[in-house]
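Just so you know, the sequences run in chain order C and G.
For the first sequence, UniProt numbering begins at 1 and goes up steadily by one.
For the second sequence, UniProt numbering begins at 1 and goes up steadily by one.
Accuracy of the hints is not assured; some may be wrong.
No distinction is drawn between identical chains; accordingly, a pair holds when it is met within one copy or between any pair of copies.
[Stated by the list, open to error] Here are the simulated DSSO-like pairs of lysine-lysine, each with C-alpha atoms no more than 30 Å apart in a straight line:
| # | residue 1 | residue 2 |
| --- | --- | --- |
| 1 | 99 | 48 |
| 2 | 71 | 48 |
| 3 | 48 | 122 |
| 4 | 15 | 99 |
| 5 | 136 | 99 |
| 6 | 122 | 35 |
| 7 | 19 | 71 |
| 8 | 71 | 15 |
| 9 | 71 | 136 |
Hints were generated in silico from the structure; no laboratory data involved.
Protein chains: 2
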Amino acid sequence: MDLYSDEYFMREALKEAAKAFAIDEVPVGAVVVCKNRIIARAHNQTEKLTDATAHAEMLAVTSAANYLGSKYLSECTLYVTLEPCVMCAGALHWVQLQKLVFGASDVQRGYSLVSSPLLHPKTEVVRGIQADESKKLIEDFFRRIRN
Amino acid sequence: MDLYSDEYFMREALKEAAKAFAIDEVPVGAVVVCKNRIIARAHNQTEKLTDATAHAEMLAVTSAANYLGSKYLSECTLYVTLEPCVMCAGALHWVQLQKLVFGASDVQRGYSLVSSPLLHPKTEVVRGIQADESKKLIEDFFRRIRN
Numbered sequence: 001m002d003l004y005s006d007e008y009f010m011r012e013a014l015k016e017a018a019k020a021f022a023i024d025e026v027p028v029g030a031v032v033v034c035k036n037r038i039i040a041r042a043h044n045q046t047e048k049l050t051d052a053t054a055h056a057e058m059l060a061v062t063s064a065a066n067y068l069g070s071k072y073l074s075e076c077t078l079y080v081t082l083e084p085c086v087m088c089a090g091a092l093h094w095v096q097l098q099k100l101v102f103g104a105s106d107v108q109r110g111y112s113l114v115s116s117p118l119l120h121p122k123t124e125v126v127r128g129i130q131a132d133e134s135k136k137l138i139e140d141f142f143r144r145i146r147n
Numbered sequence: 001m002d003l004y005s006d007e008y009f010m011r012e013a014l015k016e017a018a019k020a021f022a023i024d025e026v027p028v029g030a031v032v033v034c035k036n037r038i039i040a041r042a043h044n045q046t047e048k049l050t051d052a053t054a055h056a057e058m059l060a061v062t063s064a065a066n067y068l069g070s071k072y073l074s075e076c077t078l079y080v081t082l083e084p085c086v087m088c089a090g091a092l093h094w095v096q097l098q099k100l101v102f103g104a105s106d107v108q109r110g111y112s113l114v115s116s117p118l119l120h121p122k123t124e125v126v127r128g129i130q131a132d133e134s135k136k137l138i139e140d141f142f143r144r145i146r147n
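Only chain C is shown next, with the shape it has when bound in the complex:
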């Protein structure tokens, strides 16, 4: 696996998703990369923070903006293991994200189910990177909580 490839950074996002899994959160993880450097890492914490808006993407984006001291992430890539929801896509629009890379598609809540374009027109999108691992983690999670 090449260093600085989409696969490399998605592997880091998957590590974050595994952290969520370990604390009984829906396992979604994200990292924000700027000039080949990870400047923010986050995983879903909706249960821990009792906050339905505490998705991995929201936390990662806020953290990255804080790190950069800028409201805009127009030179950053967000890697996230699951397709963002409408809320997160709206947030990615506001920060003018340069590039979005996601793993598995979210056939129930993914932003691409909405017919209007929700992301910023300048945001490049790559989908399906390590989608199988991401999907398996989420399936394992829901199998576990159902048992």
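Starting from the structure of chain C, add chain G where the hints point.
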């Protein structure tokens, strides 16, 4: 003005918007009401927090959930002076908001510009409450920063 009317609580949201105006933030304010009691107040703080996601609605919703100790605001009303954007509408979906009351429509970024329904199907919507005051505050703000 009746106590516990939509106008009464929107007046409180407008007070929050005025606080934003006073610190050079786009003047949008919000309050969350549960059983006729205000449980959260917030105003836009995107500049102060260097966070494009720090909209009044996001801050108010997170604060209300924290106060209630619940991820869901299914017995709450959000009053916000301006129509929520796509991100905020997505957040209101996740918290299963009971009722949304907003002032002015946002003809550029309002969630209702998206053809798909973004709010939770159970969320009742009332629009146009004290819309003129809300709109005037925002117009005054943009007139000021342009001069």
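Here is what the structure says about each hint:
In this homomeric assembly, residue 99 and residue 48 come within 30 Å of each other (Cα to Cα) both inside a single copy, at 29 Å, and across copies, at 26 Å. Proximity of residue 71 and residue 48 under a CA criterion of 30 Å is satisfied in both settings, with 26 Å inside one chain copy and 10 Å between copies. When the C-alpha separation of residue 48 and residue 122 is checked against a cutoff of 30 Å, the pair qualifies only between copies, where the shortest distance is 26 Å, while the shortest distance within a copy is 34 Å. For the homomeric pair residue 15 and residue 99, the shortest alpha-carbon distance inside one copy (20 Å) is at most 30 Å, but the shortest distance between copies (38 Å) is not.
Proximity of residue 136 to residue 99 under the C-alpha cut-off of 30 Å is restricted to the intra-copy arrangement: shortest distance 24 Å within a copy versus 37 Å between copies. In this homomeric assembly, residue 122 and residue 35 come within 30 Å of each other (Cα to Cα) only inside a single copy, at 18 Å, whereas the closest approach across copies is 44 Å. In this homomeric assembly, residue 19 and residue 71 come within 30 Å of each other (Cα to Cα) both inside a single copy, at 27 Å, and across copies, at 21 Å. In this assembly of identical chains, the alpha carbons of residue 71 and residue 15 lie at most 30 Å apart whether taken from the same copy (26 Å) or from different copies (25 Å).
Taking identical chains as interchangeable, the C-alpha atoms of residue 71 and residue 136 lie at most 30 Å apart only when they sit on different chains, with a minimum of 26 Å there against 34 Å within one chain.
In summary, the structure agrees with every hint in the numbered list given earlier.
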